Amino acid sequence: MTDFTEDMFEPPQVERQPMIRLVMRRIHSRWRQIVTVIPFFWLLVFFLAPFFIVAKISLAELAIASPPFTSLIEWTGDGIMTIRLVFDNFVYIWEDSLYFDTYVNSLKISVTCTFLCLLFGYPIAYAIVRSGPVAKPLLLFAIILPFWTSFLLRVYSWMGLLADQGTINNLLIALGVIDEPIRMLYTEFAVYIGIVYTYMPFMILPLYANMEKLDNSLNEAAADLGSKPTNTFFKITLPLTMPGIVAGSLLVFIPATGEYVIPDLLGGGNVQMIGRVLYNEFSRNSDWPVAAAVAIVLLFILVLPIMVFQHYQGKAAEEQ
Amino acid sequence: MYAKRSRFLTIMLTLGLAFFYIPMILLVIYSFNYSKLVPVWGGWSLRWYKELFQSAEVWSAVSLSLQIAVVNATFATALGTLAGLAMVRFGRFKGRTLFGGMLVAPLVMPEVITGLSLLVFFISLNQLIGWPAERGFATITIAHITFSMAYVAVTIQARLTGVGQTLEEAAADLGAKPFKVLTAITIPQLTPALISGWLLAFTLSLDDLVIASFVTGPGANTLPILIFSRIRLGLRPDINALATIMILVIAICVAIAAIIMFRQQRADLLDRQMAEREES
Numbered sequence: 001m002t003d004f005t006e007d008m009f010e011p012p013q014v015e016r017q018p019m020i021r022l023v024m025r026r027i028h029s030r031w032r033q034i035v036t037v038i039p040f041f042w043l044l045v046f047f048l049a050p051f052f053i054v055a056k057i058s059l060a061e062l063a064i065a066s067p068p069f070t071s072l073i074e075w076t077g078d079g080i081m082t083i084r085l086v087f088d089n090f091v092y093i094w095e096d097s098l099y100f101d102t103y104v105n106s107l108k109i110s111v112t113c114t115f116l117c118l119l120f121g122y123p124i125a126y127a128i129v130r131s132g133p134v135a136k137p138l139l140l141f142a143i144i145l146p147f148w149t150s151f152l153l154r155v156y157s158w159m160g161l162l163a164d165q166g167t168i169n170n171l172l173i174a175l176g177v178i179d180e181p182i183r184m185l186y187t188e189f190a191v192y193i194g195i196v197y198t199y200m201p202f203m204i205l206p207l208y209a210n211m212e213k214l215d216n217s218l219n220e221a222a223a224d225l226g227s228k229p230t231n232t233f234f235k236i237t238l239p240l241t242m243p244g245i246v247a248g249s250l251l252v253f254i255p256a257t258g259e260y261v262i263p264d265l266l267g268g269g270n271v272q273m274i275g276r277v278l279y280n281e282f283s284r285n286s287d288w289p290v291a292a293a294v295a296i297v298l299l300f301i302l303v304l305p306i307m308v309f310q311h312y313q314g315k316a317a318e319e320q
Numbered sequence: 321m322y323a324k325r326s327r328f329l330t331i332m333l334t335l336g337l338a339f340f341y342i343p344m345i346l347l348v349i350y351s352f353n354y355s356k357l358v359p360v361w362g363g364w365s366l367r368w369y370k371e372l373f374q375s376a377e378v379w380s381a382v383s384l385s386l387q388i389a390v391v392n393a394t395f396a397t398a399l400g401t402l403a404g405l406a407m408v409r410f411g412r413f414k415g416r417t418l419f420g421g422m423l424v425a426p427l428v429m430p431e432v433i434t435g436l437s438l439l440v441f442f443i444s445l446n447q448l449i450g451w452p453a454e455r456g457f458a459t460i461t462i463a464h465i466t467f468s469m470a471y472v473a474v475t476i477q478a479r480l481t482g483v484g485q486t487l488e489e490a491a492a493d494l495g496a497k498p499f500k501v502l503t504a505i506t507i508p509q510l511t512p513a514l515i516s517g518w519l520l521a522f523t524l525s526l527d528d529l530v531i532a533s534f535v536t537g538p539g540a541n542t543l544p545i546l547i548f549s550r551i552r553l554g555l556r557p558d559i560n561a562l563a564t565i566m567i568l569v570i571a572i573c574v575a576i577a578a579i580i581m582f583r584q585q586r587a588d589l590l591d592r593q594m595a596e597r598e599e600s
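Chains as they are written, first to last, in the numbering used here: chain A, 1 to 320; chain B, 321 to 600.
Just so you know, not all the hints are guaranteed correct.
[What the hints assert, rightly or not] Looking from chain A toward chain B, a few residues come up when the C-beta cut is under 8 Å (computed): (1) Tyr103; (2) Leu145; (3) Ser157; (4) Gly160; (5) Pro243.
[Claimed, not checked] Below, a list of computed lysine-lysine pairs in the DSS-like style, where the Cα atoms sit at most 30 Å apart: (6) Lys108/A <-> Lys228/A; (7) Lys414/B <-> Lys56/A; (8) Lys56/A <-> Lys136/A; (9) Lys370/B <-> Lys315/A; (10) Lys356/B <-> Lys414/B; (11) Lys414/B <-> Lys500/B.
For the record, the hints were derived by calculation from the structure and aren't laboratory data. Quick caveat, the model's predicted, so the values are computed rather than measured. Glycine residues also receive a C-beta, built at the ideal position from the N, C-alpha and C atoms.
Model the full assembly from the supplied sequences, consistent with the hints where possible.
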């Protein structure tokens, strides 16, 4: 009985083998396409398509519905399709000084923080490059370790330092420097510290990678010809580390502009940044069309820096 | 200023390391504080650790976060490796610029934009095909894979360009088919990058708050979402205890990864020296 059923349902071996061989041959000949198509498809669906939906919603109107916005395409009577694009959301953002000021404030904070990261990160990266063979990997490890620790907890650690009853105020009062605690937490100052603290490794690591490749003989030649260290730095080292400066600055500037957690935790309600406004618009007011328009404008502001970053990434990959 | 570190650089380095580590050290010290008010010292105690281990809310958040992190790391490593291979080894193909762009963009894209766009995507998808009916594990994992695979791809690309194509070419000359070369040569050569890519994707997922907050649904709280909802209202000693445990776990993981990478580098160096000796 069993033999019979097996004969019935299992195709004979002779026919099955070529089938497998055919599949294997197809894998052998087309594996490159398969390898490329899978991640490509994933990114198209889960990265690119969502942006188009956001763009679509930003051109819709708020509606009392689920989801809360109107459809762009409507079918009227005799199968005539009308497309309604509403630019009201963008006009609203442009005219409402709250949004405009928030964009400006976000850019002011992120540009200042990028500069501060560069100012302090550059000598730190340079110091690591100049360290001995034993100290160098350890120092690099010390810079990378905070980068692996939770971002949220690193921000939280500053809440304990900056609070009215926090470590810094307690210390200063104990030392008799001040009588009343200085208000630091929930101010713009705290946001600057938080961003510089959490984004500094993103500045140091590309700078380090860039400086590591520099040829010291150029500096020695300049010194032999009588150039002073400062002169050598501005004429040789600084221009040669420009790719690292650009990559590091963009890695700090772009995400810092849209930062949500740091202004929320360290700035409280007192520091307006666009990432926070976007999040609140979306979750509390549930005005999706305006939130989508805010996101599109933010993306529009950042698209140029993102493209510059991609260009440098591509060039760096080719040079290797 | 030249071959040696100047005094200025040493001072900057010391200040930088102090800036990095003092907040973390204080965070750890205050986790052993008996007092309910974090900055007021009330004597050494393990009170907050005890409270932490008794909280069912914390345990379920830890479990959800770990599950997401493991699934995410595995898929992101697979997809990121394929993407890295395509970018480095396949030369020019149709859509390469778009592909490369989509692969690098998640590295710098502000999280609020990624989170918002994925949420509206999931909602539209639900209206179209009825999936995902509710947001939580699946939606967070998909969102995490999408941005983690970019980081894995960067790691893989660096390793692929680092090891070069000599061995692959040799295998092909000896008659190995392209697919055989991939499985017998390329993938084994990539092992250290695969391990560090997996670990990177794992920690990125454990760390993410903003994207997860957007794409999660009611009841599905990851660990960062739980921590954030608590510290928004101010300092909490139990969060200090949780932070200490997380810092410890991550430090151990990073140390292990560093040792693996260091050994691999040394093995590579030895291989190269042996090869040079045989040649001469």
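- List, from low to high, the hint numbers that the structure doesn't satisfy. Numbers 1, 5, 6, 8, 9 and 10 - these are the hints that the structure violates, sorted from lowest upward.
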